[in-house]
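A.B. asks: One letter stands for each residue in the lines below.
Number of protein chains: 2
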Amino acid sequence: MVSQSLENVRRGYRPAIASLLEQIEELQTKESQDGGAHSELSTIFPKTYQQKTGFFKAGANVVKRSRAKVGVIFSGGQAPGGHNVIAGLFDACAQIYSEFELLGFLEGPRGLIEDQWIALDAEVVDAYRNLGGFDMIGSGRTKIESSAQFEAVRKTVTAHGLDGLVVIGGDDSNTNAALLAEDFVQHGVGTQVIGVPKTIDGDLKNRFVELSFGFDTATRVYSEMIGNIATDARSAKKYTHFIKLMGRSASHVTLECALKVQPNFAIIAEEVQAKEQSLGQIVEELTDLVMARSKVGKEYGVILIPEGLLEFIPEVKRLIDQLNAKLEVSALEESERAIFESLPRLIQDQLLSDRDPHGNVQLSHIDTEKLLVQMVELELKRRNFSGAFHPLTHFFGYEGRSGFPSNFDATYCYNLGFVAAALIKEGKTGYLCALKNLMQEVRDWQPVGVALVDLIEMQERKGKLKPVIAKALVELDGGPFLSFSEKREGWKLGDDYVQSGPIQFGDSADLCNAPPLTLALESSVVS
Amino acid sequence: MVSQSLENVRRGYRPAIASLLEQIEELQTKESQDGGAHSELSTIFPKTYQQKTGFFKAGANVVKRSRAKVGVIFSGGQAPGGHNVIAGLFDACAQIYSEFELLGFLEGPRGLIEDQWIALDAEVVDAYRNLGGFDMIGSGRTKIESSAQFEAVRKTVTAHGLDGLVVIGGDDSNTNAALLAEDFVQHGVGTQVIGVPKTIDGDLKNRFVELSFGFDTATRVYSEMIGNIATDARSAKKYTHFIKLMGRSASHVTLECALKVQPNFAIIAEEVQAKEQSLGQIVEELTDLVMARSKVGKEYGVILIPEGLLEFIPEVKRLIDQLNAKLEVSALEESERAIFESLPRLIQDQLLSDRDPHGNVQLSHIDTEKLLVQMVELELKRRNFSGAFHPLTHFFGYEGRSGFPSNFDATYCYNLGFVAAALIKEGKTGYLCALKNLMQEVRDWQPVGVALVDLIEMQERKGKLKPVIAKALVELDGGPFLSFSEKREGWKLGDDYVQSGPIQFGDSADLCNAPPLTLALESSVVS
Chain F
1 MVSQSLENVR
11 RGYRPAIASL
21 LEQIEELQTK
31 ESQDGGAHSE
41 LSTIFPKTYQ
51 QKTGFFKAGA
61 NVVKRSRAKV
71 GVIFSGGQAP
81 GGHNVIAGLF
91 DACAQIYSEF
101 ELLGFLEGPR
111 GLIEDQWIAL
121 DAEVVDAYRN
131 LGGFDMIGSG
141 RTKIESSAQF
151 EAVRKTVTAH
161 GLDGLVVIGG
171 DDSNTNAALL
181 AEDFVQHGVG
191 TQVIGVPKTI
201 DGDLKNRFVE
211 LSFGFDTATR
221 VYSEMIGNIA
231 TDARSAKKYT
241 HFIKLMGRSA
251 SHVTLECALK
261 VQPNFAIIAE
271 EVQAKEQSLG
281 QIVEELTDLV
291 MARSKVGKEY
301 GVILIPEGLL
311 EFIPEVKRLI
321 DQLNAKLEVS
331 ALEESERAIF
341 ESLPRLIQDQ
351 LLSDRDPHGN
361 VQLSHIDTEK
371 LLVQMVELEL
381 KRRNFSGAFH
391 PLTHFFGYEG
401 RSGFPSNFDA
411 TYCYNLGFVA
421 AALIKEGKTG
431 YLCALKNLMQ
441 EVRDWQPVGV
451 ALVDLIEMQE
461 RKGKLKPVIA
471 KALVELDGGP
481 FLSFSEKREG
491 WKLGDDYVQS
501 GPIQFGDSAD
511 LCNAPPLTLA
521 LESSVVS
Chain H
1 MVSQSLENVR
11 RGYRPAIASL
21 LEQIEELQTK
31 ESQDGGAHSE
41 LSTIFPKTYQ
51 QKTGFFKAGA
61 NVVKRSRAKV
71 GVIFSGGQAP
81 GGHNVIAGLF
91 DACAQIYSEF
101 ELLGFLEGPR
111 GLIEDQWIAL
121 DAEVVDAYRN
131 LGGFDMIGSG
141 RTKIESSAQF
151 EAVRKTVTAH
161 GLDGLVVIGG
171 DDSNTNAALL
181 AEDFVQHGVG
191 TQVIGVPKTI
201 DGDLKNRFVE
211 LSFGFDTATR
221 VYSEMIGNIA
231 TDARSAKKYT
241 HFIKLMGRSA
251 SHVTLECALK
261 VQPNFAIIAE
271 EVQAKEQSLG
281 QIVEELTDLV
291 MARSKVGKEY
301 GVILIPEGLL
311 EFIPEVKRLI
321 DQLNAKLEVS
331 ALEESERAIF
341 ESLPRLIQDQ
351 LLSDRDPHGN
361 VQLSHIDTEK
371 LLVQMVELEL
381 KRRNFSGAFH
391 PLTHFFGYEG
401 RSGFPSNFDA
411 TYCYNLGFVA
421 AALIKEGKTG
431 YLCALKNLMQ
441 EVRDWQPVGV
451 ALVDLIEMQE
461 RKGKLKPVIA
471 KALVELDGGP
481 FLSFSEKREG
491 WKLGDDYVQS
501 GPIQFGDSAD
511 LCNAPPLTLA
521 LESSVVS
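Line order of the protein sequences matches chains F and H. In terms of this note's numbering, the first sequence is numbered consecutively and its last residue is 527. In terms of this note's numbering, the second sequence is numbered consecutively and its last residue is 527.
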């Protein structure tokens, strides 16, 4: 009963590669007109603030480099495809250098600080090709913040004589990468720091970075589950499913899943914020939906909820801010106290008892989906609803962070690894890897080195101005949201659920390789 | 952006068929030596209790039957493959009869009682081939119990002049099918009743029925999710995941997923019952696990819990029985009261407030996974555990009931549909469709008509003897459990998680067509 495992099959998958990256040893950057000279950043990034984003072009330089030593870390939450960034980096280095060493620092930035690492040779890398998770070297959320931590990292990279350090992470980790690059230059440390845009949330993107990796796979995994549940709802005609989806800072995941599955309702937090909706208004809308469906004989349904919803409801945001500041219900202002008292007991308890080490409310621990269910139940009662309402709640998050990368993510990440190697070869530091034209054939993908300072702005964090890469929120005038808002009225009473099914890894490009709808709709190549 | 959808691709899949079923018009039954003459059932099944289970063999009768009219219902919870039973039935009827009509009664037995139906022609059937859910005609849990209901069903089938009625359902529904068959014979109604063994729980099986349909797909969907979560746990090294899995009456689902994914721990309720474990002992075992893993630097893990656990813990069973009988905590006996008081508040509330219309505790609403988490937390505190314990809970059930059927389930169900048609052609009533030799090539599958009375026994239900098909529990001396118990010690401290990944529908038979491990291990063809 030794049957072929999917792990083994996937290890043998060979991602396609952009034409420009095929001759990576000949690749050169040409600087773009964009960006550069961010004078407001000159105090924090005196050495790097004038760097410019560069598109790669084929070069004429065919000298094979002699040797290199490169380190790599995963930073933050898992996203499918991370191992392929490392595989691409490895294969590209093998192509560029006569000799090279790749060091994997363990459990995120902590591995850099504490100099914990393993050698990533062909055997290790091959074992993880096209597989999900970050378990090759682990990940972690340590931030490099104190000067002692910066010093420790300088010590580590200097001791190893690293030519490059690749940081695979989200917005925070890439801000950290920019600070590290600046710090190294300031201290005469030659290690070049290169970032890679990772996050299943899809909120790390801008005019150069079309998409973060992992978003495609994660939304496909969630959509498989939601589609299965929706088909079940349409079959059993009994339950209304309230499904919360990961993505605290932006609703891209919920929007992509809504576009894929066509549920009866999907809350987009950015819209709630723009319309300044109250919690009560959202509950009313949901109650209207339940009653309207009941009226046409449909006492079941599927509703999608973004994890970060509560923070986007202005009045709840104020309540949380006050709780964070004062910790006591008795100290709340009157209007916030009224909102607090309107909440179900379960949620009141979670708001009061579940605090992080800084005393802040742990919003990710709040069962927003249960909160909405209980408030809808109360509202139905208030309206003397006589029909049936059987709610069930779900939360999908961890299921999608470490799934087998889709062909799209596997290929995208493999190419990003090549871009990282190209940037190191070109002597760049403080750059983020990107590929433009992702909606085109892989061979036409355009490698880009994005100057991290191009993405950084100063924002207030706890009363202090800090450099950050702003999270990209759902744009209410963007293609994905407009497509959603055109169709959603029809989805309310219909049962137009689409079952997208499990991710396929076969030979049908149509079925297996398509990028997410969000990317397609943003690129306006919609048919 | 019109890409090929998996729904469309799957509609085109052509399941293989058993050799004997290819020439279905020539098929004959030969009666087996087994079963027959269940005299204790003679009062309830006076007309059918002597029926015998029959294996099909190739016949010489090549007369094409002229015409037939057949009805079909789904009964109970969804299971992947149901649509293919109907597709097989349809194709087999097309082969056997010059003319035939297939009627789909809507929303389960209720459709029969109320005579609600749709015609299932080629267009309808083709639209659902190889797709999950029961949404072609819906399902329902109505039981045909009162004499008025039996009369209504007789009226419906007589009015339509149905030759056959196929009931696709679990143990209860097939018991109901047996009663319906008997009732029809008693009343001179010629409609033959044929059952099909459906349930994702895997607890409808016996010496003729090797497996119920839907179990393979559902456990593959759950294992995909569990494997993803396990890989995430091994990457982040932060969370201990408590994952509850559907299956209230038996732990087959949990056992199959454990064999597939190799978690750190899996509770098998049948073992708990056999060992007469207390809730406290289970909590101690789990706490031991958490502490042992912490000691080797692994403050994360994956634990599987069967939905029906609480009923298998003798002391909790007694507590629930007393609560069902008396409804009041103050009326509990001393030992049960002590157990009640040892439970976390959340669970106490659920036990007291969540009652079904008969006043019974709704065990399926109890968050057993949260109960265990809270009790492990208390026990860790009691033991002065100084490590980190970050639990997360999940429940997977509805995600798997309506997924795209695996090739195995799609093929199995399609063949079951043929068996149903063969039994109708042979004039049988009160029979359950089965296929023996499922571990062999599809062409060698042996069609069987199992006399339903062969499966029925009398059991006490609320003080009355009732005919039931006993649920098949996990056998502690069976191949699957023995294989599990051999390996599980090694899984505790190791991270031997296997990521089985999303169900594949490609051309690799090895990867796409393998039957569940439970079946393989029960058949002892283990390599």
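To be clear, the hints were calculated from the coordinates, so they are not data collected in a lab. One thing to keep in mind: the hints can contain errors.
Identical chains share a label here; the pair holds if one copy fits it or two copies do between them.
To be verified - Simulated pairs of lysine-lysine, DSS-like, Cα-Cα distance not exceeding 27 Å: (1) 238 x 436; (2) 57 x 326; (3) 298 x 436; (4) 30 x 487; (5) 436 x 52; (6) 238 x 370; (7) 155 x 69; (8) 317 x 436; (9) 466 x 492; (10) 298 x 143; (11) 237 x 143; (12) 238 x 471; (13) 492 x 30; (14) 238 x 143; (15) 143 x 428; (16) 381 x 492; (17) 30 x 466; (18) 69 x 238; (19) 295 x 381; (20) 30 x 428; (21) 492 x 52.
Please read these numbers as outputs of a predicted model, since none were measured by experiment.
A.B. asks: Does each hint hold? Answer for all of them.
C.D. replies: Hints, verified against the model:
no. : hint      : result
1   : 238 x 436 : neither (46 Å within a copy, 35 Å between copies)
2   : 57 x 326  : neither (56 Å within a copy, 80 Å between copies)
3   : 298 x 436 : neither (45 Å within a copy, 41 Å between copies)
4   : 30 x 487  : neither (43 Å within a copy, 58 Å between copies)
5   : 436 x 52  : within (16 Å within a copy, 69 Å between copies)
6   : 238 x 370 : both (18 Å within a copy, 25 Å between copies)
7   : 155 x 69  : within (15 Å within a copy, 82 Å between copies)
8   : 317 x 436 : neither (36 Å within a copy, 61 Å between copies)
9   : 466 x 492 : neither (43 Å within a copy, 44 Å between copies)
10  : 298 x 143 : between (50 Å within a copy, 22 Å between copies)
11  : 237 x 143 : between (48 Å within a copy, 17 Å between copies)
12  : 238 x 471 : between (39 Å within a copy, 25 Å between copies)
13  : 492 x 30  : neither (50 Å within a copy, 54 Å between copies)
14  : 238 x 143 : between (47 Å within a copy, 16 Å between copies)
15  : 143 x 428 : within (23 Å within a copy, 72 Å between copies)
16  : 381 x 492 : within (21 Å within a copy, 48 Å between copies)
17  : 30 x 466  : neither (30 Å within a copy, 82 Å between copies)
18  : 69 x 238  : neither (60 Å within a copy, 30 Å between copies)
19  : 295 x 381 : within (16 Å within a copy, 51 Å between copies)
20  : 30 x 428  : within (12 Å within a copy, 80 Å between copies)
21  : 492 x 52  : neither (48 Å within a copy, 52 Å between copies)
In terms of the numbered hints stated before, the structure departs from hints 1, 2, 3, 4, 8, 9, 13, 17, 18 and 21, listed from lowest to highest.
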